[in-house]
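> In case you want the letters, here they are:
2 protein chains.
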Amino acid sequence: MRKYNIAVVGATGMVGSKFLEVLTEKQLPVENYYLFASAKSAGKVINFMGKDHTVIELTDENINALKGKVDIALFSAGGKTSERFAPVFASIGTVVIDNSAQWRMDPKVPLVVPEVNPQDITWNNGIIANPNCSTIQAMVLLKPLYDAFGLKRVIYSTYQAVSGAGVAGYNDLLEGLKAFVNGEKYETKKFPYQIANNCLPHIDVFMDNGYTKEEMKMVNETKKILGDDKIKVTATCVRVPVLNSHSESINVEFNKPVTKEAILKVLENAPGLKIVDDVANNVYPMPINSTGSDITLVGRIRIDDTVDSGANFWVCADNIRKGAASNAVQIAEYMINNNMIK
Amino acid sequence: MRKYNIAVVGATGMVGSKFLEVLTEKQLPVENYYLFASAKSAGKVINFMGKDHTVIELTDENINALKGKVDIALFSAGGKTSERFAPVFASIGTVVIDNSAQWRMDPKVPLVVPEVNPQDITWNNGIIANPNCSTIQAMVLLKPLYDAFGLKRVIYSTYQAVSGAGVAGYNDLLEGLKAFVNGEKYETKKFPYQIANNCLPHIDVFMDNGYTKEEMKMVNETKKILGDDKIKVTATCVRVPVLNSHSESINVEFNKPVTKEAILKVLENAPGLKIVDDVANNVYPMPINSTGSDITLVGRIRIDDTVDSGANFWVCADNIRKGAASNAVQIAEYMINNNMIK
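In order, the protein sequence lines correspond to chains D and H.
Numbering-wise (the working numbering), the first sequence opens with residue 2 and increments by one.
Numbering-wise (the working numbering), the second sequence opens with residue 2 and increments by one.
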């Protein structure tokens, strides 16, 4: 059986260390792992899969030294690093699966959720983009609904966890909460205002149209992943004081008539999705329940009779796993299982 | 100058004690205050406005003993207590301003936000209902927009604070956070699941249609307050780990064309509303900013081009003040200032 070589770039960050965790769980047929990070973390030794790995500094020289020896590189090192180094990996024959926003809307780069559009992997040119965390979980829900009923309009309101803002964001909530319950002050390092006991309607930077980049990611990536520019999408993205797992309130208008029964029937067999919807027994998705899982939870499914055919949904998913690391590893797994690596 | 007599019913609860705080600030022309509560709190002495008040037990006998002596009764003692005792106060000539959901949809009871529909006060039959907290702040925003552009459809997604669930809900978060940061367990008393580090898409009880009662309050109260059954309204209500002030993501479809400039012009002069919308300088509403104020903050105002005429809004307001106590006291103040008390 063929064995593969995988590089992890940004191995010491929030998503990077989750890459290692998910790779350990998956036990893909891998010969060698190469862990890359910036100069700051280079030389550090990480014990991974029972072996000590010295973190390699991300430089042209170090990448080129591995020419022909790395099949897949899982990137989570920010947009700038990806812009600079993903093409270098691609040039040595590596398929880059990149978690940053850098390549997502590039028409030459497929944007993939394995349960939704694995067919797009085939036309990659050495770089495959992992969608935004908040988009991924919405796609797992919306793809089967799109296929069954068509999507006319989607309105997202998100309840996003601080882990999406990396280690610094995570610590801003954790340290902020400690200070809060002790009546002390805490100066946030990542967020512009306190996130403990607060909601910030501000994720990523503001654009000229007044929307945040995060909101526009949800709008544009939804259309690209579903391959349909005619779907109308709008979004309001909000950071809430939750450590991990994003939640979303999604209002959907369909092209064809729906009933709750028809929706449930479609979603019952949807890959990567679990229906958690028994309100008589207080059963509904919550971020504490999706954390640690690669499954997107959907519940609070209600027909919306304010349009001819519509429904409201509530979805929760682990933004660091399914929203980032696991989705990328699933792409790698899909490529390995389907002999898509040259 | 005429002086009035005011009773506060449920004086020892979360909203009840806020009634006392707001009344202290307002300094209405009041002769006597009567503080009522259940047997459990009766006899307790509360120092209020520099005077000791012994809490009176809420019984028919004690109410009837004050026949003709109480002009206004501010109620916040739950639906059942209001159902039982509001009519008793009304029968002795008192105008009841009730904060529970008990009378809100009764066609003989006006449902009033003073900035929005004060004219409805005139047709009261002894009971005036205070709307649901999450509805009130939406109305302060939507009324001027309704007048200017007409409302076709409104989609609410809420981010509601635990203070809306009373003292027990408030403590569930506060104690839950303390336990959380110390790595300890905490059993919630009010909420079915932990609210610290979590979101609960569950406020009030579930109805047969799958919506919660809270969601249906927002739907039905919006139409009643604006006096227009043709407006289409749907809602998803979510409890977030914030102690105080509700936030709402509101998507609106208008009947007439809008621009951001036209919306801003309309909202600039809206009573009880403040525009907090300068994203270039990270200025937007947050629950930590609306807490302690009676003003509803609106920001993140964005044209939504997925419909012919639409926009997205983000509003924050203090749910215990404007969403409950202050709105009720403002109704009392309006009646006093306009000589509407017999």
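Note that these hints are calculated values from the structure, not bench results.
Ideal Cβ positions, reconstructed from N, Cα and C, are used throughout, including at glycine.
Wrong hints could be hidden among the right ones.
Stated by the list, open to error - As a list, the in silico DSS-like pairs of lysine-lysine whose alpha-carbon atoms are at most 30 Å apart: (1) D/LYS231 <-> H/LYS257; (2) D/LYS261 <-> H/LYS275; (3) H/LYS179 <-> D/LYS266; (4) D/LYS214 <-> H/LYS257; (5) H/LYS257 <-> D/LYS224; (6) D/LYS153 <-> H/LYS224; (7) H/LYS231 <-> D/LYS257; (8) H/LYS179 <-> D/LYS233; (9) D/LYS190 <-> H/LYS179; (10) H/LYS231 <-> D/LYS179; (11) D/LYS191 <-> H/LYS233; (12) D/LYS70 <-> D/LYS27.
Said to hold, decoys possible - Beyond 12 Å from chain D on every Cβ pair, some chain H residues (computed): (13) VAL46; (14) VAL56; (15) GLY69; (16) LYS81; (17) ALA91; (18) ILE93; (19) TRP124; (20) ARG154; (21) GLU176; (22) GLY177; (23) VAL182; (24) ASN199; (25) THR213.
> Hints broken by the structure, by number, lowest first?
2, 3, 8, 10, 11, 20, 21, 22, 23, 24 and 25
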